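Novice: Listed below, chain by chain, are the residues.
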Amino acid sequence: MSGPEGEEKVVKSELRWALAAGAVVFIIFAAVLWAAITMRMNPPSNIEHADPATLHMQGEFTESNLGTTVEPDGRVTVRMVATQFAFVPNCLMVPQGREVTFRFVSPDVIHGILITGTNVNTMIVPGYVAQVHTVFRQSGDMLMPCHEFCGLGHSEMIARVQVVPADQFRPGPDGRAHCEGQTPLVNTAAPGVPAGDVDAGAQAQGPLVSGEPSPDPAQATQDAVAAAQPATGE
Amino acid sequence: MLTTRRLVLTHMWVAFATFSVAIILGVWQMWARSPLRAPFLTAENYFNSVTMHGVSMGYVLTTFFIMGFGYFVAETALKRPLPGKTWAWAAFWMGILGVLMAVLAIVTNNATVLFTFYPPLTGSPWFYIGLVLVVVASWIWCGLMIVAMAQWKRANLGEPVPLAMFATVANAVMWLWTTIGVAAELLFQVIPAAFGWIHTVDVGLSRTLFSWTLHAIVYFWLIPAYIAFYTMAPREAGGRLYSDTMGRLTFVLFLLYSLPVGMHHLFMDPEHSTGFKFVQAALTFLVSVPTFLTVFTISASMELAARLRGGTGVFGWIKALPWKNPMTLATGLAFFMLWFGGGGGLINMSYGMNAMIHNTSWVTAHFHLIFGGTVVIMYFAIAYSIWPHLTGWTFRSPGRLRLQLWLWAVGMMVMTIPWHYLGLQGQWRRVATFDYSDPMIAGWGPWVIVSLIGGLILLASAALFIVNLLPPHRKWARQPGPTEPYRYALAAHPPRRVPEVLNGFTLWNLLVALLMLAAYGWPILQFFLTDAPEAIVHRIGG
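Keeping their order, the protein sequence lines are chains A and B.
For reference, each letter of the first sequence is one residue, going 1 to 234 in UniProt numbering.
For reference, each letter of the second sequence is one residue, going 1 to 542 in UniProt numbering.
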């Protein structure tokens with residue numbers, strides 16, 4: 001016996017500490033539970049399928065349907081394709097202070113996004129629709145990079161998000177909103193024009209199922225940056 | 001003299017040689033991400049470097065160190081020769097073959113998939129087969145550890161298994177459970193895809209199987225550090241282990257709760273429901289308990305040692321500890337860094353809060369603090385402690401050992417504090433370069449340069465570590481080392497008998513199976529019941 005305490009005392013002190021540590025852990029956990037229930041702080045978990053092989057050809061994620069849309073009921077939805085090595089579209093305009101729903105898909109490999117300065121964050125897993133709801137509290141330009149390694153062009157895969165004050169958010173008659181200075185994916189086409197006939201703009205390539213990298217991803221991103229520049233400082 | 005001397009030393013040198021290469025790559029990666037111009041910088045070089053750094057640190061350094069250390073513990077704690085030494089050497093060479101295959105695939109640009117190799121991006125099949133060989137080698141080690149303990153128990157009926165060996169076998173048992181996930185992913189999904197036998201892959205399933213392994217693997221790396229805390233540090237500090245029973249309980253809790261928690265790596269994934277994410281978040285909170293217990297037990301053990309040395313006061317005893325002893329110093333530094341790494345981990349596992357930092361530099365900071373700050377610094381201390389017994393010669397200038405440990409801790413903090421900050425700013429991980437001409441990114445530059453300086457300090461520490469270990473092999477530094485056997489810390493109240501549940505793993509294996517069924521049963525089964533569309537395999541390289 002080298003310590004000053006008897007064995008019973010040792011056990012008692014350990015149990016006291018275990019209770020204290022357990023209480024700390026429980027309190028943190030209770031806070032997490034509280035946030036989940038009252039503030040809807042849940043991770044993105046909608047388990048919704050999207051076939052990587054066909055998503056660009058039919059349905060919600062065809063090229064003409066991508067970008068920011070104000071639905072007839074007033075909800076703002078952003079649809080986006082993440083593909084090696086670009087986002088389509090690569091710049092988004094969204095309103096400040098309104099709920100925005102992001103819906104992402106990937107036709108090729110795993111991607112992921114975050115929007116700097118916010119807690120918008122999701123993995124984009126081929127086979128699934130990744131959906132995130134958020135409200136932007138501040139206006140201004142933000143970065144939306146791909147945050148999961150997706151191949152050699154991964155570092156250049158960045159989109160921009162322009163958050164504008166609600167009174168400056170003016171979607172077109174078709175309910176679509178585009179970045180300032182950005183060639184829209186759909187040139188305010190009259191309703192009824194087939195999506196495939198619309199000029200999609202220089203760098204807004206359709207999702208490539210084959211997974212071939214764009215000829216020069218760095219160039220594509222620089223175009224996007226240049227296109228977004230006029231909006232900076234808003 | 002130890003009969004496993006050569007076996008242990010060979011494993012350790014493979015581990016530390018790999019570590020030395022990997023750390024150079026790590027520093028270069030920080031350079032690449034900084035505003036300074038790094039040489040050799042291409043996307044391919046960068047991601048090959050990240051792949052090599054991760055594979056070397058996470059799979060090679062750890063596996064070989066843990067195997068070597070396990071053989072050492074089996075012989076010195078059980079005080080009997082290691083059974084199946086031929087098997088141990090066979091496992092070693094199998095591991096070496098696997099490492100060579102993986103390295104060859106990486107350097108020929110055929111495995112630029114990072115150490116997490118998420119499909120449908122797939123590299124050369126030989127990369128994955130190499131990794132499988134390393135895992136199979138470690139399974140042989142697990143078998144040898146289990147057999148060694150069983151033989152000892154038969155020869156010492158009713159006696160408590162020495163804590164160091166009990167913990168080593170807990171780790172072996174946990175590792176067998178842990179590797180099931182990644183083994184299934186590799187054998188049934190990734191390797192067939194890499195060979196071109198299948199053209200689509202269920203990515204939800206592969207991520208789920210990988211998550212099975214992804215958290216518990218960290219505890220596989222960490223348990224040798226905990227073995228040092230419980231069974232080495234108290235003696236080296238001149239005291240005793242406060243409670244042997246708490247030690248056993250801690251290792252059993254690690255076995256139980258390391259496994260059914262991996263889904264917290266998938267919080268941001270769309271293929272799982274909030275329900276199971278929440279269940280595994282709750283279980284993740286439980287895995288923090290054994291670490292809290294360890295902090296208490298080891299602090300109490302150190303206090304015992306300090307008071308025996310004349311330390312007084314509520315905190316004044318801390319001064320009386322033998323800080324000149326490398327193991328004591330490393331334990332103190334590891335605890336310090338564990339607070340930061342563990343604190344960051346509490347944020348990561350907090351379910352909704354994870355969205356703020358997922359895949360940012362915050363995460364990189366967290367696991368470098370846990371891995372470098374707690375795991376590897378204790379690997380250093382273990383090496384310093386057992387080296388005289390392996391080489392027969394003692395260290396001539398222990399000051400250099402302390403300097404090396406201090407450099408490591410300072411470098412680790414200088415590197416990871418900026419990463420934490422940058423992660424909160426939204427700096428994402430896993431990219432080769434940032435466009436610092438962008439006004440939103442420009443402000444990050446100075447912080448990245450500070451972390452690069454941290455990396456350089458770590459590099460200096462690693463170089464000194466290798467230099468420190470070399471002299472005992474060289475003539476000029478030779479002093480006869482200890483001839484008596486290696487001694488582990490005694491408990492303040494050495495157990496004469498322990499309950500059978502704390503002397504074996506049958507019950508705990510049963511409980512692990514139940515917990516895994518509850519936590520992972522449906523999340524895995526759902527992929528077979530609902531027909532999720534599969535992703536098209538993307539092969540890279542030749």
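Calculated from the structure, these hints are not laboratory results.
Please note: incorrect hints may appear among the correct ones.
Covered stretches of chain A (in silico footprint by chain B; criterion: 3 or more residues with CB under 8 Å from a CB of chain B, positions within the stretch not fixed) [unchecked claim]:
1. 11–23
2. 36–50
3. 85–92
4. 110–116
Calculated cross-link-like contacts (lysine-lysine; reagent style DSSO-like; alpha-carbon spacing at most 30 Å) [stated by the list, open to error]:
5. B:K153 with B:K85
6. B:K319 with A:K9
7. A:K12 with B:K319
8. B:K79 with B:K153
Just so we're clear, the structure is a prediction, and the values are computed from it rather than from any experiment.
Backbone N, C-alpha and C fix where the C-beta goes; we use that ideal spot for every residue, glycine too.
Novice: Could you run down the list of hints and mark each one as holding or not?
Specialist: Evaluation of the provided hints:
Closer than 8 Å: that is the beta-carbon criterion, and the segment 11–23 of chain A has 7 residues meeting it against chain B, so the requirement of 3 holds. Only residues whose beta carbon comes within less than 8 Å of a beta carbon in chain B count, and the segment 36–50 of chain A has 12; three or more means the coverage holds. For the segment 85–92 of chain A, the assignment as covered by chain B is violated, since 0 residues bring a beta-carbon within under 8 Å of that chain's beta-carbons and 3 are needed. Evaluation of the coverage hint for the segment 110–116 of chain A: fulfilled, as 5 residues show C-beta separations to chain B shorter than 8 Å, against a requirement of three.
For the proposed pair K153 (chain B) and K85 (chain B), the alpha carbon gap of about 19 Å is at most 30 Å, so the pair holds. For the hint linking K319 (chain B) to K9 (chain A), the alpha-carbon distance of about 25 Å falls within 30 Å, and the restraint holds. With a C-alpha separation of about 27 Å, the suggested pairing of K12 (chain A) with K319 (chain B) holds against the 30 Å cut-off. Restraint check: the Cα-Cα separation between K79 (chain B) and K153 (chain B) comes to about 12 Å, which is no more than 30 Å; the hinted pair holds.
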